[in-house]
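Each residue of the sequence shown is one higher than the one before, starting from 1 at the first, in UniProt numbering.
In short, the hints are calculated from the structure, not lab data.
Careful, some of the hints might be misleading.
Said to hold, decoys possible - Once the Cα atoms are required to be at most 20 angstroms apart in a straight line, the calculated PhoX-like pairs of lysine-lysine come out as:
id: 1; residue 1: Lys40; residue 2: Lys114
id: 2; residue 1: Lys428; residue 2: Lys388
id: 3; residue 1: Lys219; residue 2: Lys206
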Amino acid sequence: MAILTINWQPNKQVSTPIYQQITNYFQEQIAKGNWAVGAKLPAQRKLAEQFGVNRSTLITALDELMAVGLITSNPGSGMVISGNHWSSLLAEHVNWSQYVKAGQFKPNSHALQKINQFETDAVIRLSTGEPAPEQFPRPLFQRAFAHLGEQLTSLNYTEPAGILALRQQIARHLEKVGIHTHPENILITSGSLQALQLVSMSLFPKDATIYTEAPTYVKSLHVFQSAHTHLAGIPMDSQGLAYWQMNAPIQGHHAILYTIPTFNNPTGIVMSAERRQQVLQTAQEHRLPILEDAAYQDVWFDQQPPQPLKALDKTGNVIYFGSISKSLAPGLRIGWTVAAKPVIDRLTDVRMQTDYGASSLSQLVLAEILADPEYETYQADFRSVLVKKAAAAEQILHHYWDDFATWQTPTGGFYLWVRLADNINIPKLFDLATAHNVLFNPGSIYDFQPNQYIRLSFSYESSDRFEQGIKILTDLIHANFNV
């Protein structure tokens with residue numbers, strides 16, 4: 001279908017906000033039948049020029065139109081009209097945009113929304129932090145399902161903290177990294193992201209300060225900010241969190257430290273053993289609880305990383321988050337929290353108010369897999385494949401990007417944290433790349449200020465597809481920037 005021709009501009013002399021005039025205009029054209037369902041909109045840049053507005057104003061209007069279902073953003077084909085006369089009338093009579101904005105949970109950034117929408121098989125996903133589909137351990141799952149099929153009698157709600165057999169297996173699994181705990185100190189969650197949500201709802205008072213590395217994974221989320229807390233970024237060096245640059249918490253003011261000490265996302269930095277002891281000591285001196293996110297604990301290459309902070313914790317100061325999403329299967333949606341019993345009891349109570357527990361089938365399957373003697377063999381094979389993919393990704397980058405990019409060789413995890421030359425406009429490159437069906441993560445979504453980094457994942461795509469994506473990005477960089 002042809003691209004719509006638009007000959008209209010908002011009236012900047014009236015009191016109605018510009019973005020609202022744009023949404024009203026779209027609703028009117030769709031309701032009158034002037035714009036057919038499936039009709040393509042001009043590119044955002046051209047729309048902004050036509051309306052005489054800046055991109056941020058246009059994006060605000062487009063986000064509202066997508067929220068009420070009037071337009072849809074499709075990977076590779078841009079935005080199209082998706083609403084009909086009924087949805088237009090509904091949008092006119094019920095101002096859903098007011099409800100959308102009224103919720104306490106903050107929306108993702110435009111870049112992250114675009115990444116989430118575009119992560120399809122048609123796109124080269126240099127953004128996706130997941131195991132490759134071909135690494136799925138089918139024999140492990142087949143044995144687990146076969147054994148469960150003989151014993152399964154129900155799929156009712158589980159015990160509030162999670163199925164005991166799984167918590168026992170996780171306690172056994174954690175002993176391998178030096179964490180000695182008991183099932184009653186473990187809460188099963190729907191991935192570690194739910195653990196973050198539970199902690200933010202349960203343990204943080206309003207206006208609490210969350211200290212964290214800069215950059216960090218949690219900066220790309222709004223879990224803590226939506227709980228009306230404040231993130232405070234702390235720089236890192238090659239050994240991890242530069243704790244001495246942290247302003248001491250105000251006396252009487254609640255604060256907590258969130259850290260990814262093992263293969264930090266996005267940088268891949270591993271906090272040294274000495275630095276871990278120093279961070280623990282500093283936290284204890286300031287009576288500062290620690291949230292340790294260990295999503296990549298098992299995804300090491302040639303050398304196992306230092307013991308988790310939780311293994312070194314003698315005072316119960318650390319809350320530990322683990323997950324199976326990076327080392328086995330994110331679709332299981334299983335994570336775990338290890339903490340002192342009063343903390344687990346509090347988190348369990350709040351979780352029972354928001355859902356009735358992680359999938360009982362997923363829990364049963366994971367308990368079987370962790371008990372399978374072949375699980376450790378799978379883990380070793382999984383890591384060996386990642387080692388090869390990381391080396392291939394680096395070789396590809398050296399071939400194409402040595403003239404305008406730098407990075408550190410990863411020792412685990414899924415990512416290359418790449419710094420591009422200063423004259424490369426990363427937001428522009430991101431938009432150009434998505435138009436050519438290539439996704440990467442801009443580094444600014446993880447940081448407290450704009451930066452020149454991008455995060456590339458070597459875990460999901462094959463090495464051939466990774467190179468194909470880098471070739472496309474290379475051509476875009478040479479064609480659009482003075483490199």
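Tested hints:
no. : hint               : result
1   : Lys40 with Lys114  : holds, 18 angstroms
2   : Lys428 with Lys388 : violated, 31 angstroms
3   : Lys219 with Lys206 : holds, 18 angstroms
The structure fails hint 2 only (numbered hints given earlier).
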